[in-house]
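Engineer: Listed below are the residues making up each chain.
Protein chains: 2
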Amino acid sequence: MSKVRLALAQTNPTVGEIQGNLKVIVANIDEALKQGANLVLFGEMAITGYPIEDLATRESFLLDAEKAIKDLTQILQSPAYKDLTVVIGHPALTTANQAHGWAIAQNCATVITNGQVIGRYAKHHLPNYSVFDEYRTFVPGDELLTFEVNGLRFSTVICEDIWQNGGPVADLAKNNTDVALILNGSPFEIDKDDTRLALVNKLATKHNCAAIYLNLVGGQDDLVFDGDSIAVDSKARIIARAKQFKTDLVLIDIGAKDDLAVVGEHHLTKPNELWQIWNSLVLGLRDYVQKNGFSSVVLGLSGGIDSAVCATIAADAIGPENVFGVSMPSKYSSPGSKDDALDLAQRRGINYQVQAIENLIQPFETQLELDGLSAENLQARVRGVILMSLSNKHGMLTLTTGNKSELAVGYSTIYGDTVGGYAPIKDVEKTLVWELAKWRNGYALSRNEVVPIPEASITKPPSAELRPDQVDQDSLPPYDILDAILDAYINQRKSTKEIVALGFDEALVSKVLSLVDHAEWKRRQGAIGPKISGMAFGRDRRLPITNKYKG
Amino acid sequence: MSKVRLALAQTNPTVGEIQGNLKVIVANIDEALKQGANLVLFGEMAITGYPIEDLATRESFLLDAEKAIKDLTQILQSPAYKDLTVVIGHPALTTANQAHGWAIAQNCATVITNGQVIGRYAKHHLPNYSVFDEYRTFVPGDELLTFEVNGLRFSTVICEDIWQNGGPVADLAKNNTDVALILNGSPFEIDKDDTRLALVNKLATKHNCAAIYLNLVGGQDDLVFDGDSIAVDSKARIIARAKQFKTDLVLIDIGAKDDLAVVGEHHLTKPNELWQIWNSLVLGLRDYVQKNGFSSVVLGLSGGIDSAVCATIAADAIGPENVFGVSMPSKYSSPGSKDDALDLAQRRGINYQVQAIENLIQPFETQLELDGLSAENLQARVRGVILMSLSNKHGMLTLTTGNKSELAVGYSTIYGDTVGGYAPIKDVEKTLVWELAKWRNGYALSRNEVVPIPEASITKPPSAELRPDQVDQDSLPPYDILDAILDAYINQRKSTKEIVALGFDEALVSKVLSLVDHAEWKRRQGAIGPKISGMAFGRDRRLPITNKYKG
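Chains as they are written, first to last, in the working numbering: chain W, 3 to 553; chain D, 3 to 553.
Excised from the complex, chain W in its bound form (with noise of 0.2 Å):
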């Protein structure tokens, strides 16, 4: 029995662009052939980028997927490809019985040996909660799809079917599997690289075969997927790990379930937890800006962290020459404050540019009468206003600053400093913002770069500035007492009772949870941006506006 050379195609596929996808499919397995594959397994719908959403429920889009299935079954009919096995996850068409009639499709793997499809299998399990509404739009395959190349038994399974319990998962064993290839689209979460490998681990135990867990790549809307693809042996030892929210192609030969041994250097190396978010948030933003086909971005900069962490990860992402960063003081403005702001555009050679706001706004608060809230929540619009006639004018994509605590109490003004179509730090709560600012500035010291965020910005206590003197605590009780009140609330769904009992005042909680609820239509309106959390706004989290419970 010779050795089966595997290559794991980690690809970042962008949703709908299916000939282009095609094209980097056809690449990875050209180069896998250069290094000598006779397998090649690429991830989860890596023909057509994923989540399709209701994408699945168009007819022409499901024809068109199947269309390039058959390209690439074509071109696999080239003598250059003898021998050659591809495993490729797409949607298809399906004429299977389906309980509402919007189902018209399955979420599947397809096998193709010398040009020739030799096998389909649809995935089973359909996740159907948190981002994901799986059983809305695909119908549920119920086999196991087992091959052979040379002489090792292959079988294909989809993502959340080794997630649950019985399936076609089940049969693995029964069906002398030597190798599961397991086709994923599993997007990042803090802490969820060690699951997954837990889970790949069990699985080659409990059915005595080795594990391939291929996962796609690239930001898509409000998901990051990560990648980090992950191949274990029957003893559930780890024999490789792709990279991290980069593409990649790792070859790896099998002789046995228990004999796989990666091909040419390779390290095991698991990067640190700020290092994986603060990535994270780079590719949701470089994926967001270069898929939806632009080139900048603008952002307001007041000085702040928020819009300091924003700025920097936007620098990373599409470097800092794209990134055009305007300062809008008001009477209310520190001197800090612009100091900060222009001393952060400076440190990485972000564009920067000053608008004063002062004679926008009279003019308003003259005619309208306004002060008080109306004139704070004037200022953040006429803000609003300056950017997005910045990236009207200038083809700029909007970028708004808010962190996952401000969206959650609604501290912030809607239409105001809203604006834009993505979100950052959307899903990262006011503390690990500053988290994330030290370990950035952290990393580019062990580097020898420049620091890239002031330290003031860090440091002084966050102020949205509408008023003088205000600072964020006349408002909001400290962020770290605020933080651990989210969690409790929005990721463990505790209630008022529950969350005093973890020794926080009843009538702050009270607050704090009234603020969450009646915030809601806010967060309806806002832009979306990368999660990275167990619970982020927006289709993670799914609660009614109209919502009277409180409990």
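FYI, nobody ran anything at the bench for these hints, they're computed from the structure.
Keep in mind that a hint or two might mislead.
Identical copies carry no separate label here, and so any pair may be met within one copy or between two of them.
[What the hints assert, rightly or not] Pairs of lysine to aspartate or glutamate, DMTMM-like flavour, derived with a Cα cap of 20 Å:
# : residue 1 : residue 2
1 : K395      : E378
2 : K36       : E360
3 : K552      : D73
4 : K524      : D56
5 : K552      : D56
6 : K552      : E68
7 : K36       : D250
Computed from a predicted structure; not experimentally measured.
Dock chain D against chain W, hints included.
Structural biologist: This is chain D only, laid out in the frame that chain W set:
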């Protein structure tokens, strides 16, 4: 065998207001009892309101709902309620096997007799398409519940159970059911009343039982439950139909499955379609305003048809004295537009003020050197700032007046004319806006009331008036053509090729579809508004923003 007097209690619950909903339920029971009822039927989730979305994942919420059922049970232990049976819809915490740990609830109907729970039914078919995500949050049940009252056998099922094949509903005849009680939370859609009646008739005939279809009424975010509860006997003869868009309590005497008679005076009339649409928009707006604690609304009055229709809906919903119209003319506004806006306000007695925008715009144009599209968008955004300033100052809900055709192609300025918490006509295409305006004027005429909408607003060519002599048709095809293409693309999910085959110009079709796809990010940040079509923007149609598919 004595007859059963059944009360159809068509209530309007508010989501999350559990104790308030319980009070309404008890009041309905008392009234039904006064009218001699011995069985009272409520709608799906009448105790919590519907849909509860991810509130169903909060244990405290489910326990509070359960407590309300216990409270109701205790109340019904009073001798006053002797021999009374109540059937009530509510969510319940379950320990049933869950696929993924997200769903911890069931969607239930509980039967209470003499103050004792005698049975509980859990919905089997969980809709997970269109606006529904029930598979996300509920665990399905699988057993029919049948109980006797005065020798007649009643079985309960819930909403989707009768729209699908199989499941407990198949046991209706096996259980010797005389009367099927169907608890519903079925939102209004154009023509859905006919579909429901056909379904109920089919059920009655197929299973040889009478069928009572009890629906909720009221607005909940983007859904409007229209009531219109139906009673048919086992021969599919309509016995009664409760009011549409209003709460109602209808009593029916049941002697046998084919012997049903309505108690008191009852008219079986079917209102025409435009009346239904108009009233769904009015109820949706009224309930959004009232259930969210507002007492007044503010909107821009341009003199055009969209704002005229929105203002009239608002006046019908909450009274003209609570509607505040703002005319915001620029140098491009025609005298006719200003006159039409004033005329509209005066016809119904809507509050009216003028805020010219010239002095507010000029400082921006000068400071930011804006012209062309960015100057056009500026006008819309300055108007948005005015409306939001007035909203903040006076605590009024801002209405945004965009129609479905505009939203589809992105013919709007984000953070400009899109500002607002509620969009009354977001699911009404432009051609239907005109039809509704004409219908509403005719309705006023037929009742000898002042015609609310100025004729000029209906007949003049639509224009955004953002530059000299601009009309919508500079940028868009005529609305009858645009709406036909949008219907084919959005509602019928046809491809470019299929739409061209209907007889439309290929370049035009490609342009329109591209506009729709590119406006996804704007729609994602738009206000909610009432769904009236089979495919509303919002959670009915979920497409990626990052999406390169053309087909």
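Engineer: Each hint: holds or not?
Structural biologist: Structure-based check of all given hints:
1. K395 - E378: Between. Shortest inter-copy distance 11 Å satisfies the 20 Å Cα cut-off; intra-copy 26 Å does not.
2. K36 - E360: Result: close neither inside a copy nor across copies, 64 Å intra and 67 Å inter.
3. K552 - D73: Result: close only across copies, 18 Å inter versus 56 Å intra.
4. K524 - D56: Close across copies (18 Å), not inside one copy (25 Å); limit 20 Å.
5. K552 - D56: For K552 and D56, the Cα distance is within 20 Å only across copies (14 Å; inside one copy 34 Å).
6. K552 - E68: Classified as between; 15 Å across copies, 49 Å inside a copy.
7. K36 - D250: So K36 and D250 pass the 20 Å test inside one copy only (15 Å; across, 75 Å).
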